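Asker: Listed below are the residues making up each chain.
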Amino acid sequence: MLTEFRERIRDAAARKVPLRLRGGGSKDFYGGALAGEILDTRSHAGIVSYEPTELVVTARCGTPLAQLEAALAERGQMLAFEPPHFGAGATLGGCVAAGLSGPRRAAAGAVRDFVLGARLLDAGARELAFGGQVMKNVAGYDVSRLLAGSLGVLGVILEVSLKVLPCPAAERTLRLELSEDTALDALNRWGGEPLPISASAWQGGTLAVRLSGAPSALLAAARRIGGEPLEAPQAERFWTGVREHADPFFAAAAPLWRLSVPSHAPRIELPGEQLIEWGGALRWLRTAADAAIVRSAAAQAGGHATLFRGGERGAGVFAPLAPALLRLHRSLKAAFDPAGIFNPGRLHPEF
Amino acid sequence: MGEALPPVRADAARQAEVARALRAFLPARSVLWQEEDTRPYECDGLTAYRNLPMVVALPETGEQVQRILRTCHTLGAPVVPRGAGTGLSGGALPPGNGVLLSMAKFMRVLRVDPRARLAVVQPGVRNAAISDVVAPFGLYYAPDPSSQIACTIGGNVAENSGGVHCLKYGLTVHNVLRVRGYAMDGEELDLGSEALDAPGLDLLALMVGSEGMLAVATEITVKLLPKPLAARVVMASFDDVEKAGNAVAAVIGAGIIPAGLEMMDKPATRAVEEFVGAGYDLEAAAILLCESDGIPEEVEEEIARVKAVLERAGATRLTVSRDESERLKFWSGRKAAFPAVGRISPDYYCMDGTIPRKRLGEVLNFIGAMEKKYALRCPNVFHAGDGNLHPLILFDANDADQLRRTEEFAAEVLEKCVEVGGTITGEHGVGVEKINQMCAQFSDDELAAFHAVKHAFDPRGLLNPGKAVPTLARCTEFGRRHVRAGAAAHAGLPRF
Chain G
25 MLTEFRERIR
35 DAAARKVPLR
45 LRGGGSKDFY
55 GGALAGEILD
65 TRSHAGIVSY
75 EPTELVVTAR
85 CGTPLAQLEA
95 ALAERGQMLA
105 FEPPHFGAGA
115 TLGGCVAAGL
125 SGPRRAAAGA
135 VRDFVLGARL
145 LDAGARELAF
155 GGQVMKNVAG
165 YDVSRLLAGS
175 LGVLGVILEV
185 SLKVLPCPAA
195 ERTLRLELSE
205 DTALDALNRW
215 GGEPLPISAS
225 AWQGGTLAVR
235 LSGAPSALLA
245 AARRIGGEPL
255 EAPQAERFWT
265 GVREHADPFF
275 AAAAPLWRLS
285 VPSHAPRIEL
295 PGEQLIEWGG
305 ALRWLRTAAD
315 AAIVRSAAAQ
325 AGGHATLFRG
335 GERGAGVFAP
345 LAPALLRLHR
355 SLKAAFDPAG
365 IFNPGRLHPE
375 F
Chain R
-12 MGEALPPVRA
-2 DAARQAEVAR
8 ALRAFLPARS
18 VLWQEEDTRP
28 YECDGLTAYR
38 NLPMVVALPE
48 TGEQVQRILR
58 TCHTLGAPVV
68 PRGAGTGLSG
78 GALPPGNGVL
88 LSMAKFMRVL
98 RVDPRARLAV
108 VQPGVRNAAI
118 SDVVAPFGLY
128 YAPDPSSQIA
138 CTIGGNVAEN
148 SGGVHCLKYG
158 LTVHNVLRVR
168 GYAMDGEELD
178 LGSEALDAPG
188 LDLLALMVGS
198 EGMLAVATEI
208 TVKLLPKPLA
218 ARVVMASFDD
228 VEKAGNAVAA
238 VIGAGIIPAG
248 LEMMDKPATR
258 AVEEFVGAGY
268 DLEAAAILLC
278 ESDGIPEEVE
288 EEIARVKAVL
298 ERAGATRLTV
308 SRDESERLKF
318 WSGRKAAFPA
328 VGRISPDYYC
338 MDGTIPRKRL
348 GEVLNFIGAM
358 EKKYALRCPN
368 VFHAGDGNLH
378 PLILFDANDA
388 DQLRRTEEFA
398 AEVLEKCVEV
408 GGTITGEHGV
418 GVEKINQMCA
428 QFSDDELAAF
438 HAVKHAFDPR
448 GLLNPGKAVP
458 TLARCTEFGR
468 RHVRAGAAAH
478 AGLPRF
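In order, the protein sequences belong to chains G and R. Using the working numbering, read the first sequence as starting at 25 and increasing by one per residue. Using the working numbering, read the second sequence as starting at -12 and increasing by one per residue.
Check the hints yourself; a few may be wrong.
[As the list claims (entries may be wrong)] Below, simulated EDC-like cross-link-like pairs (lysine to aspartate or glutamate); rule was C-alpha separation at most 16 angstroms, straight line: (1) 214/R <-> 217/G; (2) 345/R <-> 229/R; (3) 253/R <-> 229/R; (4) 210/R <-> 217/G.
No wet-lab data here; the hints were simulated from the structure. Quick caveat, the model's predicted, so the values are computed rather than measured.
Using the sequences and the hints given, assemble the complete structure.
Answerer: Next comes the structure, spelled out in structure tokens:
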């Protein structure tokens, strides 16, 4: 497989034709332009090693995310960042390249927090290994974490080692009727208390809070938080709906924006509907409002806005980078992909 | 240990030129160049390496840092940033031909926001001081390296420091939201944000653990966590180190992520017990400390599970801390391991390899064999939960042969860590100390990629030059090269 990937890269570099790195295509909708000849990563698949007592799994990029999660579940473990699949074909490579995390992110961490090591094919078709399979490692720059969310612009992510965690002993979801302001206030207050909150979602006057941990901790926390418990199968369906954007909120026609802001940012006044996750730090917005208005509101709140699905994508979907950071991005891109053959335009219109 | 870099000395004219350029905008107290003033900066916590800096600069504002960097960039003078100088890998070893940039005056906590659960601090703020300042709000800063009363948050960012609680609460990289500072050319950088992510590549992740080679931090935003309501620790004795290692795997395998999970072998507990009287079992071949935190009911539940697992794993004695003072007493021994060892030997050399936990028995046996081979003692303390091993080689630096044996002993152990699928440094950094072992862990292509990353931030190679990443020529000279898995020596070894 690697031989084939290497040949494709050498050939593309020689002809100066871009390559579009693609796994299951479940995230084709995400990010900037899709350009170039498809390099399908699904042939490079499989779990390389999995040692539950080491809390580490290593798998190839084409490994279906569902297969990986099933293997972990068999041993009572999970990917704690709860990555959204956005389709049946989602692969590990795509999950890391997209760098998207699900409902548990505010409590457990993001994809990048769990990446321990990675193998990369750069534009010179060189195989490079960064990080490793151990929890603590400061030998060399942390290039493997840099790959999380890189959208493939630095090279083909061949293999990734991830820290995994045990599944919680128990979970419990509570629902409370709260206004947006009251919900934001409560979430930030609870965030400062030692409560086992593992997910939260507010929409249309209802706040759902998921607790994860030891049964005794859940009981105590439920008393503190109040609200009505949700039956387990219903709760499961609800959180999957939030994670996979299958919830009715995401079905509306208006463009979907992702506003990443400090959790304590007050209500963001914008036309359209909002669904709030991550204790207030993630605000999904369905709106037909102007990109400039959305971006400026997110920036004013101390964060940034991404045009996640739909809308007018030609003007760039991610928040523009400050000039100093843009220069660094260009230099880093040039370090790994001087010919600019990997996923041009996907992360940034310029490279 | 790597051999010291050849000290490059600048002549008096160059020294005067750089000092004068800095004095143009810095007050006299902020620029030191006379030997009596610069001598205290000649080394960091790795005292085997010393080099007198040409000039020491002590800026007090971000603007001054920016001007120092711009000036040095224009003059082509190397700059080495330094926090409290507690680092153990020589990362802050000064340049004989450049400026040692001390961030010691950046000691202010700029903002504490209990509602947002974050603190904005200057890089010279001590790690433990952050938790002290936010304690009234029921919050704390989680990473707790053993040197936390002295080490600074700026140094923690440079080394991606961990501590005894990082299996559950993460390393510095997991607990820092934003770093602001300057690149070598004086360009202002703002990495990360108070939100949970920022657009573009994750440069914050790249900055953390970069050993002061990419940029100089002047403002750091850290995440604060609510203090757990309760914490208790189980102390377990084992008559065999391998059994203790297996017990660690059994705890994790049972789905428990303890707040702390530490191991010490018999020589280490004996040294410590004499020093602090923590109540350790002196007959045990190894002891484990396993801490549980959370709400009281949860802690009781977890402690009961931990005890059952450890009993099944063959623990010969189990003690659970009854109250907070006993919990702190149990930990006092572990936290005092280094000074305790310092009492029984004129010098000690601390290693920092990380290994897959399952190879612990093998690595400890290897260290035992090295003790015989080099005729030097080596007690072990081990962050067992995350596989980070700190063997302490005891030696006398006044005996040149002992020093040489220590260096060879350490090099063999670090290469063993790489061989079993681990790394040469878990949290102390490469610095100048382990630069040769980088040649064993990484291929030429990988080292070239690191140099390319460095070049993207610092094209002229002036910020902390010669540290962390060896040149390919140096690796050739060193003679020990990285062997690609499956290619030769360790065929079939799954490693990165």
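Asker: Looking back at the hints listed earlier, which ones does the structure fail to meet?
Answerer: Violated hints: none; all satisfied.
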